[in-house]
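**Student:** Turn these sequences into a full structure, and let the hints guide you.
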Amino acid sequence: MNKFFSKKIFIALISLAVFLYFSLNIFSYFDPLSFCRIKIHQQPLSGNRSTIKEALRYIKRSDPSSYAMVCKYVKDIGEKNCMSGDARVDASFAGEYGTVKGCYVRGTKFIYLKPNKNNDRQTVVERAKNVIHLAAKSENFWQKY
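So the numbering used here is basically just the index in the sequence shown, starting at one, shifted up by 83.
Honestly, the hints are just simulated from the structure, not real lab data.
A couple of the hints might just be wrong.
[Stated by the list, open to error] Each computed DSS-like pair below joins lysine-lysine, with the alpha-carbon atoms no more than 27 angstroms apart:
| # | residue 1 | residue 2 |
| --- | --- | --- |
| 1 | K158 | K136 |
| 2 | K143 | K197 |
| 3 | K163 | K192 |
| 4 | K122 | K143 |
**Tutor:** Now the structure itself:
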């Protein structure tokens, strides 16, 4: 009888762990082995959460030191056009996207990426480069303060 209850408890705990893992992965990037969780805020009609997640996996595989920096200095990624009038948006964003398709919000660990519905490999690689670049801006800010 005691083994029956311990087996039930074990199955319940495993089920709970699986449920938590998948529920955390719906709206965020979650890598429990690296202690990395980044919330992803998607534009419903013009965004693509899956390419952001794939870009983070790409960074993890191709550049582990940048991945560690991203996990430490980025807590939220939003798919939204940057507003040049926002005082907290990094001063290097002057209202038009240059080589970096996004911006860093100073004083936070939040970055914006320009919405993109494309689902190809080039989009993933471009987003990975943008995330690394914007995470470096966050790192520079937080190392000063």
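**Student:** For a quick check of understanding: which of the numbered hints are violated here, in increasing order?
**Tutor:** The structure breaks none of the hints.
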